[in-house]
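Student: Sequence:
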Amino acid sequence: MAPVASLKSLLENNIFLATAVSLCTAQIVKMLLFLLTNRGKKFWEAIETAIWRTGGMPSSHSAVVCSLTTSVAFTEGIASNLFIFCIWFSLIVLRDALGVRRSAGLLAKALNSLGKKFSDTSGVEYNAVKEIQGHTPLEVLVGAFLGIFIAVSFALI
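In numbering that gives the first Met the number 0, the protein residues as written are 0 to 156.
No lab work stands behind these hints, which were simulated from the structure alone. Since the model is a prediction, treat every value here as computed from it, not as a measurement. All C-beta atoms, glycine included, are put in the ideal place defined by N, C-alpha and C. It is possible that part of the hints are untrue.
As the list claims (entries may be wrong) - Distance condition first, Cα-Cα at most 20 angstroms in a straight line; then the derived EDC-like pairs of lysine to aspartate or glutamate:
{"id": "1", "residue 1": "108", "residue 2": "75"}
{"id": "2", "residue 1": "108", "residue 2": "119"}
{"id": "3", "residue 1": "129", "residue 2": "75"}
{"id": "4", "residue 1": "116", "residue 2": "95"}
{"id": "5", "residue 1": "116", "residue 2": "130"}
To be verified - Okay, the calculated beta carbon distance ranges per label pair:
{"id": "6", "residue 1": "123", "residue 2": "8", "range": "56 to 62 angstroms"}
{"id": "7", "residue 1": "42", "residue 2": "80", "range": "29 to 35 angstroms"}
{"id": "8", "residue 1": "155", "residue 2": "81", "range": "17 to 23 angstroms"}
{"id": "9", "residue 1": "107", "residue 2": "144", "range": "53 to 59 angstroms"}
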């Protein structure tokens, strides 16, 4: 298949489109919420938030995997191997977004706090570790519903 024909097929694929729209919508909502809650911040910081930073409302991880799974359910059916794969894949991603990444972020935050206190009292330099943000249950839930809603919309249109 020629590259142009392959790209055309991809851009006509409801599974791809619903998932891509879910990702973009979640990131745009996240950016808008950032701008509303951080009025003193610059527009470019909002763009950086939407592109690079993790965490926040809604969870784009949740939106993507739930949109993918819902789209596959409509396209391939719930008895298909692909749907079963997507269900398990989604559960792993949702669990990771909610639990593992959030716990790691909280641990890094506590470590940085201790490191700063130690550095302030001892004079020894402390290099902070990256504080990865996970998601709250509400952020995961809203992202999941967003992804499902968008996938159902694509399936029914």
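Student: All hints are to be evaluated individually against the structure, with a verdict given for each.
Tutor: Structure-based check of all given hints:
no.: 1; hint: 108 x 75; verdict: 43 angstroms, violated
no.: 2; hint: 108 x 119; verdict: 16 angstroms, holds
no.: 3; hint: 129 x 75; verdict: 40 angstroms, violated
no.: 4; hint: 116 x 95; verdict: 30 angstroms, violated
no.: 5; hint: 116 x 130; verdict: 17 angstroms, holds
no.: 6; hint: 123 x 8: 56 to 62 angstroms; verdict: 58 angstroms, holds
no.: 7; hint: 42 x 80: 29 to 35 angstroms; verdict: 45 angstroms, violated
no.: 8; hint: 155 x 81: 17 to 23 angstroms; verdict: 20 angstroms, holds
no.: 9; hint: 107 x 144: 53 to 59 angstroms; verdict: 29 angstroms, violated
The structure is inconsistent with the numbered hints 1, 3, 4, 7, 9, although it conforms to all the rest.
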